[in-house]
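Sequence lines, in order, name chains A and B.
Residues in the first sequence are numbered consecutively from 1, following my numbering.
Residues in the second sequence are numbered consecutively from 1, following my numbering.
It cannot be assumed that every hint is accurate.
Any copy, or any two copies together, can satisfy a pair, since identical chains are not distinguished.
[What the hints assert, rightly or not] In the SDA-like style, the derived pairs of lysine to any residue whose C-alpha atoms are separated by at most 25 Å in a straight line are:
no., residue 1, residue 2
1, 31, 324
2, 344, 251
3, 26, 247
4, 233, 269
5, 320, 118
6, 344, 359
7, 351, 217
8, 235, 270
9, 26, 400
10, 26, 319
11, 4, 315
12, 235, 248
13, 316, 223
14, 320, 21
15, 235, 395
Source of the hints: derived by calculation from the structure; they are not laboratory data.
Number of protein chains: 2
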Amino acid sequence: MARKQLNIGLFGFGVVGHGLYEVLQKTPGLKANIKNICVKDKDKPREIGAEHFTYDKNDILNDAEINVVVELIDDADAAFEIVSAALRKGKAVVSANKKMVAEHFQELLDLQREYNVPLLYEAAACASMPIIRNLEEYYDNDLLESIEGIVNGSTNYILTKTFAENLSYADALKQAQDLGFAESNPILDTGGFDAKYKLLILLAHSFGYIATPEDLFNLGIDNIGDLELRYAKEKGLKIKLVAQAYKGTDGTFSAFVLPKFVTPEDRLYHVDDVFNGVITKTSFADTHFFVGKGAGAYPTASAVLSDISALTYDYKYEYKKIYREENLSLTDNVELKVLLRHKKDDAEALKLHFSAIEEAYTNKDSGYITGNISLSNLKKLQAAQPGEVSFILISVVSEQEAAIAAQEALA
Amino acid sequence: MARKQLNIGLFGFGVVGHGLYEVLQKTPGLKANIKNICVKDKDKPREIGAEHFTYDKNDILNDAEINVVVELIDDADAAFEIVSAALRKGKAVVSANKKMVAEHFQELLDLQREYNVPLLYEAAACASMPIIRNLEEYYDNDLLESIEGIVNGSTNYILTKTFAENLSYADALKQAQDLGFAESNPILDTGGFDAKYKLLILLAHSFGYIATPEDLFNLGIDNIGDLELRYAKEKGLKIKLVAQAYKGTDGTFSAFVLPKFVTPEDRLYHVDDVFNGVITKTSFADTHFFVGKGAGAYPTASAVLSDISALTYDYKYEYKKIYREENLSLTDNVELKVLLRHKKDDAEALKLHFSAIEEAYTNKDSGYITGNISLSNLKKLQAAQPGEVSFILISVVSEQEAAIAAQEALA
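Here chain A stands alone, though its shape is the one from the complex:
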């Protein structure tokens, strides 16, 4: 097959952009060269000469010789402007910006269709791990039942340190920031938003469902307290920030991001530091498990490179599952077994929201309840008492288990 020559216009020259530049120098077999790089700040010192850079996006967007735009900037709104303009000009686009892709999924899909150009974004979900490509290509017919994973490297690093080195959450976050794994304003990561954007992207390629960020519930790790940490340690568990989606029996599915207790038997237990791990479950193949680095300049650049390489073969996402139109609907009407940590005096009021209570514990100023609660009740409590309660998922309650528990509660 003849490979296309790619002339790349690159937006952004941060760690990933620079990583990509280096990586491309080392892979001359690939017929791709960076023709121009657009950056914002004229005065910032850079590793390569000023002749490589422009400060005007139109120098790239209007250059007819540039057939691929690689977008690696931080600002999701500016990124969307660039990406949509590039698609309208018939240029293929590679992006690593999960927030941008998640917030504009439908528009970006429409633009790809209208202008018949590909947009690839493997690096936007789990960095180097080829998860989108596998969901798109390999789970075509063997239908997915569920997908579950650790998809945010920064929070996984923080949680790993919290457990391995007995650090408090605040100290672990500080350490992650000092090492550059977490932003100075880390709420996108620690609040579970970044994980939600990735879940949204995975959902489209897993189940063919296009959600908006508002559709999906996310709870992060920034409110995990000592009581939950001690509970986990005493029972030999770890806490991981887990994004998951699973189908019900009636054309519904649920999707959310929650901190979760994982046992040593759970594959995710062993996914530590900045690694990401995703478990898929299908009707025929049982479970698959993918692990790879979820952060870092080279792993991200490697995914971008793989997308660039795919463009030389005219690869594009087919979005088969979206066009198959299975009419799935998202539901909060599912039962979750959770631990809820609360202020001491709130226990009795909070219990009313549970469909089944397993344990209750209080000490002089706080306590916890474990038991089954619906996702919709969990969302209500969280919205009503942000910061005062903390939920950790123990397990998803199957429809069968929920029915049995409901019968027992009646009896």
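Following the hints, complete the assembly by docking chain B onto the known chain A.
Below, chain B without anything else, positioned relative to chain A:
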């Protein structure tokens, strides 16, 4: 993209063939139907009516309407005859037969090129795990440094039982046979031959190197004794049958199948039962880890189905790395840190073959040595004393470590 209508001629109706038949019934979205099934034994009772079957391979090979042959028979020689005849007739082929693919890799590559038809065999390596597709598509430019994995489900089941239930090797094998995970003549699995065939296939798609089965060294698990098992248990290790290949610095690479001690920190430690797990290491993306069921009718049928689905899009392996011709050469001139179990009186003679000794132990009838030995010496000892010695890999000695050890030995 318009999808091709596939008319399938199926060879073999064992557990996988029957699994595929069922799976195809449940995926009507796929434009593929089984037109004819060729089996050997007329009198065997089958789950579906006799009208679906033929007993003459030419009924399929000469049927111009059949555009895909799916080969799922046990006999590698008969399989090669069928597959090569089908390719010559311009039919696309899907096969799950690792022995056949491994023994005839070059011929099958030539046939695909000469007749311009695809041969897909994802199910031949690690069953449902999409490892070949990932090696072929995703590690195109980010060059692989090494690949390592548990690629045989039967032996992994046996080893898991040996450790988890304290069974002897013989009892665990018996149990695996009773459950249908191991053949009545299990030497292909337990001798590491099946793992070697898979390694050979992975090598072609990882490094672009076409080996013959004779080129690659394999040692199985059938000679592991109580001494090694006790050693592992005392030190908190497990023994896994590991296939691996890794590049040196000078255009050489090594590839072999050996039992290996793995620590709880090693990702392969947690790959148990019939699961397979593969770790890739690349220059940019660091490590990736893939886990999936390595045996079973449905997981294997699922991989076959995925290949069939890919054919509806005219997918074929590009074999880019083979055609890139990197001129790698296979070498045995590498150092391995191993445990060698031996008969008591042989210790001193065996030590002479090591480049460095770390520990030596003897009891009243046997003993072990741990230390560094070259792969070529290991192969010589194994050939000279089959059954009397047992090697378990501890680790690959890096070129740097080997140089330091050589200096220390001189000093």
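Hint check results:
1. 31 to 324: Close across copies (14 Å), not inside one copy (35 Å); limit 25 Å.
2. 344 to 251: Classified as neither: same-chain Cα gap 40 Å, cross-chain 66 Å, threshold 25 Å.
3. 26 to 247: The answer is between: 17 Å across copies meets 25 Å, while 43 Å in one copy does not.
4. 233 to 269: So residue 233 and residue 269 pass the 25 Å test inside a copy (13 Å) and across (22 Å) alike.
5. 320 to 118: both (14 Å within a copy, 23 Å between copies)
6. 344 to 359: Answer is within: at 15 Å inside a copy they meet the 25 Å cutoff, but 58 Å across does not.
7. 351 to 217: within (21 Å within a copy, 63 Å between copies)
8. 235 to 270: both (16 Å within a copy, 20 Å between copies)
9. 26 to 400: The answer is between: 24 Å across copies meets 25 Å, while 54 Å in one copy does not.
10. 26 to 319: between (32 Å within a copy, 21 Å between copies)
11. 4 to 315: both (11 Å within a copy, 18 Å between copies)
12. 235 to 248: neither (30 Å within a copy, 45 Å between copies)
13. 316 to 223: This pair counts as neither: shortest intra-copy Cα distance 40 Å, inter-copy 50 Å.
14. 320 to 21: Only across copies: residue 320 and residue 21 sit 23 Å apart there, 33 Å inside one copy, limit 25 Å.
15. 235 to 395: This pair counts as within: shortest intra-copy Cα distance 15 Å, inter-copy 33 Å.
In this structure, the hints that do not hold are numbers 2, 12, 13, in rising order.
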